[in-house]
Amino acid sequence: MDFHRIKVYVNGKAYEREVESRRTLADFLRMDLSLTGTHLGCEHGVCGACTVLLNGSSARACLTLAVQADQCEITTIEGLAHADGTLSVLQQAFQECHGLQCGFCTPGMLTTLTELLNENLSPTESQVREAITGNLCRCTGYQAIVEAALLAAQKLRDQRV
Amino acid sequence: MKPAPFIYHRPQQLSEALDLVAQLDNYKIIAGGQSLMPMMNFRFVMPDHVIDLNQVTELNHISKENQQLHIGSMTRQQAIYSSALVQEHIPLVSQAYSFVSHRQIRNRGTFGGSLCHLDPSSEQPCFTAALDGVIEVASQSGKREIPIAHWTAMYMTPDLAPNEIMLGAKLSIWPKTHGWSFMEYSRRHGDYAIVGVAVLVNLSVASTIERISIALCGIDAAPVRLLNTESALINQAADESAIRMALGDIEKLPNIMEDALNTSDYRRHLAKTLTRRALLEAFERAKKRIS
Chain C
1 MDFHRIKVYV NGKAYEREVE SRRTLADFLR MDLSLTGTHL GCEHGVCGAC TVLLNGSSAR
61 ACLTLAVQAD QCEITTIEGL AHADGTLSVL QQAFQECHGL QCGFCTPGML TTLTELLNEN
121 LSPTESQVRE AITGNLCRCT GYQAIVEAAL LAAQKLRDQR V
Chain D
162 MKPAPFIYHR PQQLSEALDL VAQLDNYKII AGGQSLMPMM NFRFVMPDHV IDLNQVTELN
222 HISKENQQLH IGSMTRQQAI YSSALVQEHI PLVSQAYSFV SHRQIRNRGT FGGSLCHLDP
282 SSEQPCFTAA LDGVIEVASQ SGKREIPIAH WTAMYMTPDL APNEIMLGAK LSIWPKTHGW
342 SFMEYSRRHG DYAIVGVAVL VNLSVASTIE RISIALCGID AAPVRLLNTE SALINQAADE
402 SAIRMALGDI EKLPNIMEDA LNTSDYRRHL AKTLTRRALL EAFERAKKRI S
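If you read the sequences in order, they're chains C and D. So the first sequence is numbered by this note's numbering: it starts at 1 and just counts up by one. So the second sequence is numbered by this note's numbering: it starts at 162 and just counts up by one.
These are calculated hints, taken from the structure and not from any lab test. In this text, a Cβ means the ideal position worked out from N, Cα and C, and glycines have one as well. One or more of the hints may lead you astray.
To give an idea of the interface, some chain C residues facing chain D are shown, with a C-beta separation under 7 angstroms as derived from the structure [claimed, not checked]:
(1) D2
(2) A14
(3) S21
(4) R22
(5) E43
(6) H44
(7) S57
(8) A59
(9) R60
(10) L63
(11) V67
(12) Q71
(13) T75
(14) T133
(15) G134
Derived CB-CB ranges, DEER-like [as the list claims (entries may be wrong)]:
(16) C/Q143 with D/S259: 20 to 26 angstroms
(17) C/E73 with D/Q174: 22 to 28 angstroms
(18) D/F203 with C/Q143: 31 to 37 angstroms
(19) D/S224 with C/D32: 17 to 23 angstroms
(20) D/R372 with C/R129: 48 to 54 angstroms
(21) C/Q95 with D/S347: 46 to 52 angstroms
(22) C/D32 with D/D209: 44 to 50 angstroms
(23) D/K304 with C/Y9: 34 to 40 angstroms
(24) D/E297 with C/C139: 30 to 36 angstroms
(25) C/T124 with D/S347: 39 to 45 angstroms
(26) D/M207 with C/S126: 39 to 45 angstroms
(27) D/S259 with C/L121: 17 to 23 angstroms
(28) C/G56 with D/E412: 34 to 40 angstroms
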């Protein structure tokens, strides 16, 4: 078997682990680091539930090898809330707008929309919808998720003033 | 679903990567991994060795040289999509990338990975064909250039020897006044096209066609250039009769591929509908830019 020693920075914390080369980043986060907030739906890049931020850019954790994330900064759902447990503006907006029902797609929705709001604080509804085309939700019909993203954008704009 | 075991290699330099592909058997190169990883997770592909090019930074670039845009094979799709240089010189490519998959995939997926994976429905070989792209590959014994017309060896297989690696492609830049359009139809936004079409056109001030390029994907294993149509359209007026001529040629295309979901008749219908829309948009843009 082929093992490699990697060092990753997950939600600001450094981890060093020995990983088999075939270990996906998603399995590494869930099984080796016990960060089970990253969900695995389809494991072939269709559902978007496993989306994490890899050096700030959204990526499918099931389509990335853990060994490829060596020396990278990773943000998972566990890293979005503040250190004291208060929710991020986007998470708070999801709660207020009922942007989740079963919650399975939510980690991927939040990481994906975090990237969008990092780049664009005034997204249109169609830009929000385009951003989450790679994230499947079978409960909400997306409406409440889109509303939550737009509300979060509004709140973030207000904070800036 | 986990990949079968393999040995992972992470070359830092191109020369190191070329040594590896010359020595190893049953290897796969991982670029963005957005097609290879699903196939490995499903165990459709079980390589003994995986060679990761993500550290070979010399393959990640977009630059303009003379009248060509050079795109390195490891350039991320999102980087090309958001490139001001690409938008300025080859807006066709920017428009095509608006149809390519989702942000999370484009952040990882690469131009070279797509050209080597060579899905017949992919937008990227299609616009490369419309732009008379030339693909540059290297082995330990040197470099060679392959025009896009000769790139497809067979279904999803580029004409790339086992000891070769794709370095990038050169895409021709059209005059400032050209018109362009990329259109496609897919069942959901971000899916591979069922059929897609790329059009580039140069018009005279009198709105006659001076030069035109039409390429289709989702028709055959290789992107289809309508070369006969293109030469017949030279000096014709950019109007309804030109569009009818192009659609007549699509009607006569032999052997359009089909699968369980999309018949060849349906693909032909889409090719005609999309080509009409793309020609209209490209003509309109060219007229605006020349006036």
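(request) Starting from the hint list further up, note which numbers the structure goes against and sort them upward. (result) 2, 12, 13, 19, 20, 21, 22, 24, 25 and 28
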